[in-house]
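Q: Chains as they are written, first to last, in my numbering: chain L, 1 to 346; chain P, 1 to 346; chain F, 1 to 346; chain A, 1 to 346.
To be clear, the hints were calculated from the coordinates, so they are not data collected in a lab.
Do not take every clue at face value.
No copy labels: a pair is met if it fits in one copy or bridges any two.
Here are the simulated DMTMM-like cross-link-like pairs (lysine to aspartate or glutamate), alpha carbons at most 20 Å apart as the crow flies [as the list claims (entries may be wrong)]: (1) K77 x D8; (2) K77 x E170; (3) K70 x D120; (4) K70 x D8; (5) K203 x D8; (6) K203 x E177; (7) K77 x D316; (8) K70 x D305; (9) K70 x D49; (10) K203 x E170.
Protein chains: 4
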Amino acid sequence: MLVVMRQDARPGDVQAVIEAIEAMGYEARPMPGRQRTTVGLVGNDGRVDGTRLAALGGVQELIHVTHPYKLVSREWKPEPTVVRLPGGLTIGAGEVQVIAGPCSVEGEGQILQAAHAVKDAGATLLRAGAFKPRSSPYSFQGLGVAGLTLLALARRETGLLIVTEAVDPEGVDAVAEVADIIQIGARNMQNYSLLRRAGRAGKPVLLKRGIAATIQELLLAAEYLLAEGNPDVILCERGIRSYDTQTRNLLDLSAIPTVHALSHLPIIADPSHGTGRRAMVPSMARAAIAAGADGLLVEVHPHPDQALSDGAQSLDTGQFEQMMHELRAIADAIGRRIAEPVGARA
Amino acid sequence: MLVVMRQDARPGDVQAVIEAIEAMGYEARPMPGRQRTTVGLVGNDGRVDGTRLAALGGVQELIHVTHPYKLVSREWKPEPTVVRLPGGLTIGAGEVQVIAGPCSVEGEGQILQAAHAVKDAGATLLRAGAFKPRSSPYSFQGLGVAGLTLLALARRETGLLIVTEAVDPEGVDAVAEVADIIQIGARNMQNYSLLRRAGRAGKPVLLKRGIAATIQELLLAAEYLLAEGNPDVILCERGIRSYDTQTRNLLDLSAIPTVHALSHLPIIADPSHGTGRRAMVPSMARAAIAAGADGLLVEVHPHPDQALSDGAQSLDTGQFEQMMHELRAIADAIGRRIAEPVGARA
Amino acid sequence: MLVVMRQDARPGDVQAVIEAIEAMGYEARPMPGRQRTTVGLVGNDGRVDGTRLAALGGVQELIHVTHPYKLVSREWKPEPTVVRLPGGLTIGAGEVQVIAGPCSVEGEGQILQAAHAVKDAGATLLRAGAFKPRSSPYSFQGLGVAGLTLLALARRETGLLIVTEAVDPEGVDAVAEVADIIQIGARNMQNYSLLRRAGRAGKPVLLKRGIAATIQELLLAAEYLLAEGNPDVILCERGIRSYDTQTRNLLDLSAIPTVHALSHLPIIADPSHGTGRRAMVPSMARAAIAAGADGLLVEVHPHPDQALSDGAQSLDTGQFEQMMHELRAIADAIGRRIAEPVGARA
Amino acid sequence: MLVVMRQDARPGDVQAVIEAIEAMGYEARPMPGRQRTTVGLVGNDGRVDGTRLAALGGVQELIHVTHPYKLVSREWKPEPTVVRLPGGLTIGAGEVQVIAGPCSVEGEGQILQAAHAVKDAGATLLRAGAFKPRSSPYSFQGLGVAGLTLLALARRETGLLIVTEAVDPEGVDAVAEVADIIQIGARNMQNYSLLRRAGRAGKPVLLKRGIAATIQELLLAAEYLLAEGNPDVILCERGIRSYDTQTRNLLDLSAIPTVHALSHLPIIADPSHGTGRRAMVPSMARAAIAAGADGLLVEVHPHPDQALSDGAQSLDTGQFEQMMHELRAIADAIGRRIAEPVGARA
């Protein structure tokens with residue numbers, strides 16, 4: 001950490017900074033420049049909280065040279081994290097997982113039809129929400145526990161693994177009983193009580209980037225999960241807020257190489273929420289794979305025009321099947337492979 | 001709601017939209033234009049979920065003419081909401097409340113010293129966090145229940161009312177026992193489980209705008225509180241995400257007249273988080289009052305350079321006192337009045 | 001265009017809107033709803049300026065159903081524009097052009113070395129700036145006319161076509177003499193005097209998206225060029241402003257399918273400015289091709305560590321060659337082909 | 001400037017950075033930390049271009065401690081710049097100038113009526129556009145030279161000083177003949193050919209912030225003007241791009257204290273473009289004065305419903321008069337004074 005002093009800072013101000021750094025147990029290294037003095041804090045292991053220094057007299061700003069996270073950092077663990085799932089599937093090891101399904105579980109017929117369809121097209125995990133966080137209290141909020149039961153049924157019927165969202169600490173255990181991966185949604189990326197509980201649930205966690213989160217904030221949220229002892233975290237880029245209303249969100253594909261550079265954790269992309277427009281999902285899915293994504297999260301609904309949520313961004317099963325063909329070609333081109341469902345396409 | 005058809009939509013597509021609207025129980029009114037047809041949905045009371053329409057063939061986009069919220073809307077309740085607090089204080093009725101205090105409760109000495117200082121300068125409510133949501137798991141997370149106890153003590157000692165944050169549904173009841181106003185923080189603006197519980201806690205709620213929330217999303221979050229039966233909601237503009245790093249956040253003062261136009265709820269401003277820089281707090285506080293804010297939330301710490309969080313944006317007590325003088329003059333200029341502590345300045 | 005009236009608008013307000021629409025020569029179609037009346041303006045060919053309507057009493061907002069552009073719109077010209085260049089190269093017809101070169105022309109040795117290197121690796125056009133718009137008046141501003149002369153030399157020596165930027169109306173003719181494609185930079189996207197002059201210069205124009213331009217604004221800027229009689233316009237996504245400082249800009253790859261849906265014009269991507277980081281250029285270049293980009297603009301410098309501008313985002317020639325291999329595989333996977341230099345790779 | 005090395009940088013990488021700094025004529029000061037080495041560049045006078053350093057091997061990032069501008073910086077000139085106008089008016093010295101008028105000059109009757117009205121209400125300068133940069137080529141583009149003639153007439157008739165925009169280098173001289181202040185619009189903030197010409201025109205320049213410009217970019221654009229020898233520059237905050245569509249732009253009032261802290265130049269605010277909504281102009285104008293703005297730019301039209309541009313954000317003369325009363329009270333409250341027209345209110 002570097003403490004940049006104001007041009008008009010007095011020697012006593014610099015001295016006070018030095019003493020404060022030493023009182024925190026670190027070494028201070030002042031560096032006088034032509035215009036101003038900078039004081040380096042040496043020995044930071046990524047966990048220094050500079051609050052006190054910023055408030056000292058004559059301090060202009062703090063510059064963080066060390067990242068504020070540690071467990072998620074590639075500097076501390078260079079080799080990539082590989083999340084191992086039941087049935088031998090992996091995320092982060094080279095094979096690309098396609099997670100697909102409707103936004104919400106709406107009923108037995110719908111979820112089974114969707115599950116079979118996405119499995120036939122080559123998805124390996126089924127994603128559907130039983131608990132749905134919605135901007136309006138008047139929108140459909142999901143089937144709740146009954147939805148979890150239907151997801152368990154879909155798992156038994158198809159062999160697909162299950163990804164589903166937990167929305168509050170109380171609900172984590174019920175979700176963890178059914179889910180192979182617990183999803184934390186974008187709105188809850190900084191819901192720390194939820195993160196802590198999910199970090200102790202004994203299942204891999206899929207953590208979606210908040211709608212205006214920086215990559216550093218996303219990594220710090222993941223740090224909460226790892227700090228609870230859960231190493232199996234998968235990040236997800238799902239579109240961020242933009243000033244242009246052409247798309248629902250702005251899919252930031254540069255998040256993929258950025259996360260791969262800063263962290264050992266795998267990262268997947270959600271082109272459905274990332275664009276909000278069905279017609280753009282295939283091109284953005286291809287782009288995500290080409291950029292090195294470790295997987296995809298895609299909304300597929302057997303009848304998008306009857307969906308209770310997010311119909312406008314859901315592919316129908318024919319569109320999904322067509323897209324999967326394209327994705328296999330892109331994965332081949334970069335030396336990766338789209339994973340296949342257990343027992344599928346034999 | 002208007003359903004805009006694509007230029008190449010077929011008559012059958014338009015007919016399908018009409019039928020879907022009617023199946024939802026509303027009236028459809030097609031309006032053919034020179035380039036494309038638009039179909040109006042008549043009878044919307046603000047709670048139509050257009051998901052199914054957006055997914056129909058030939059539909060280009062949905063345009064929402066009716067606001068998606070109802071209880072918070074000024075169209076449904078033209079007169080302003082006045083939140084009545086113990087001791088006869090009000091928010092929304094003309095007098096301006098200044099809520100002040102340190103970011104966190106750090107100990108008995110610190111909180112009592114801060115409470116007396118802000119009271120002496122003219123604040124009517126004390127705000128300090130016992131539970132602190134922090135981006136990093138390694139930052140100070142607050143004293144928890146012990147912090148609530150100290151806030152209760154500060155209330156008894158000074159007569160100041162208490163504002164403090166609840167961060168998860170389980171914690172709401174404990175907070176509600178001590179707080180005169182329950183704060184919901186920016187990171188939790190769309191934490192719906194927390195909103196629902198806070199809406200039933202029997203205390204006014206201060207709802208901070210999410211870091212990239214639109215005004216409509218802020219009002220929809222408030223709608224969750226009102227839908228639980230709690231009419232006493234105070235909104236708070238606290239700065240949004242910006243591309244410029246000169247300030248920690250970008251204080252959006254236009255939120256004040258926007259909220260006053262769309263809703264009957266009061267809105268206050270937080271220039272401390274809104275700028276992140278102590279030197280900018282007084283000018284932005286004056287601007288907020290001039291823009292019509294119903295109150296302010298200001299960080300004040302007896303010794304900012306020893307603060308465990310947010311020291312760089314905290315005023316010391318002398319600066320706060322000076323600012324209060326300026327604010328009284330601004331309030332006078334627009335025909336309002338800064339409220340005074342009970343028994344104060346006599 | 002739809003004129004949405006306020007809930008409390010009086011019948012006379014609605015009548016005034018109807019009369020104003022008719023006075024503008026269009027047909028008005030009022031549509032009373034349960035909460036408010038909407039008045040449709042029928043007959044809009046995309047060029048209605050609604051200013052006067054927005055200012056009328058009782059009007060809440062205008063909603064634009066028709067796009068404000070015409071000549072660039074795919075609705076008016078469904079088949080894609082193919083820009084034909086000397087030597088039989090095309091942009092927009094399926095083959096993908098890779099435009100490469102250093103940020104600036106720095107001298108004869110540098111530009112010839114760069115030209116030969118990018119040609120050997122498979123680029124078909126050379127891009128380098130003779131006139132450089134720079135944020136600081138103290139940064140290197142380009143060699144000016146001398147730089148144009150060196151570009152002409154590079155063209156003769158290598159057969160590569162030339163792309164270079166014009167920065168003001170007076171400079172367009174000199175640039176047009178040397179350039180096969182005139183570049184308009186991001187800072188000048190709404191420099192209308194420059195656009196008009198470039199639209200009459202008789203050469204194709206590469207129009208870069210402004211740093212915070214919406215897709216609609218980009219298309220409107222292109223409309224200026226087409227309105228001057230120049231159909232040969234190539235759009236370029238080069239990254240937009242973001243709140244995250246991990247990258248210099250945020251490359252918005254969703255612009256590619258969005259432009260392809262709204263317009264017949266080709267669009268290319270610039271992953272060098274789009275990220276500002278050399279290490280991210282190959283993955284974002286691959287992603288752009290996978291998303292359907294009609295070409296790429298890539299900064300390549302024989303010695304990035306000696307570059308006078310943008311060294312941190314320039315590939316060296318070995319990195320560029322490696323990337324070209326990857327791009328050919330991605331193009332194959334989606335049934336396209338990276339164009340090859342005339343006489344190259346025979 | 002600080003050069004932060006990667007954790008895995010080799011000693012030779014650090015040495016190469018040191019040599020490059022010395023080759024640029026500065027002193028290098030390496031500072032090894034526990035995780036990585038940082039190399040300080042000492043002697044930077046604000047004009048170092050770090051391009052070459054960023055491209056060196058093992059370099060992670062550059063951190064700019066010194067501001068990249070000089071002439072506009074308060075560190076180089078602590079006392080505020082006071083722009084002196086004909087008739088003894090000043091900007092930056094304490095009195096607050098209100099610049100008002102219609103968006104465009106539309107004709108003799110309109111501009112004279114507007115000029116008399118704003119003068120009667122207390123404005124000291126008339127602003128109206130003769131040359132209008134418009135997003136669409138089909139929108140009204142201004143009366144051009146004929147508009148300048150009408151502005152000269154309005155000046156003679158009312159004594160108001162004139163502010164009007166130059167949109168290209170060729171047009172600067174004609175504008176400078178009539179204008180007391182030359183306006184550079186937001187779209188042209190980084191049109192450097194225009195800035196250089198305006199910097200030599202011998203008249204004060206009003207420089208509007210670009211729609212997504214950082215404060216640093218605004219100050220660098222002003223640096224172009226000062227570097228041409230023109231010290232009389234007035235900055236203008238006019239709203240920036242936001243993700244929320246409630247307002248046309250997001251008026252960033254924190255720009256006022258930020259500019260005052262970093263620069264000696266005066267800054268005014270434009271609440272009309274800054275919000276795009278007439279109803280919000282008075283509250284934002286009051287807030288700007290309370291925040292310390294040195295002036296205001298306000299759109300006023302005698303008949304907003306007949307305006308050829310920006311009618312929705314223009315005040316009518318009655319509304320403007322009312323607002324001026326409020327502004328005088330706010331200015332009084334902070335010890336400033338709204339300037340009065342010469343000979344007015346006597």
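Q: Are the hints correct? Go through all of them and say.
A: To see whether the hints hold, each was checked on the structure:
no. : hint        : result
1   : K77 x D8    : between (42 Å within a copy, 13 Å between copies)
2   : K77 x E170  : neither (32 Å within a copy, 36 Å between copies)
3   : K70 x D120  : neither (41 Å within a copy, 43 Å between copies)
4   : K70 x D8    : between (35 Å within a copy, 16 Å between copies)
5   : K203 x D8   : neither (54 Å within a copy, 34 Å between copies)
6   : K203 x E177 : within (9 Å within a copy, 36 Å between copies)
7   : K77 x D316  : neither (41 Å within a copy, 29 Å between copies)
8   : K70 x D305  : neither (45 Å within a copy, 26 Å between copies)
9   : K70 x D49   : within (14 Å within a copy, 33 Å between copies)
10  : K203 x E170 : within (16 Å within a copy, 23 Å between copies)
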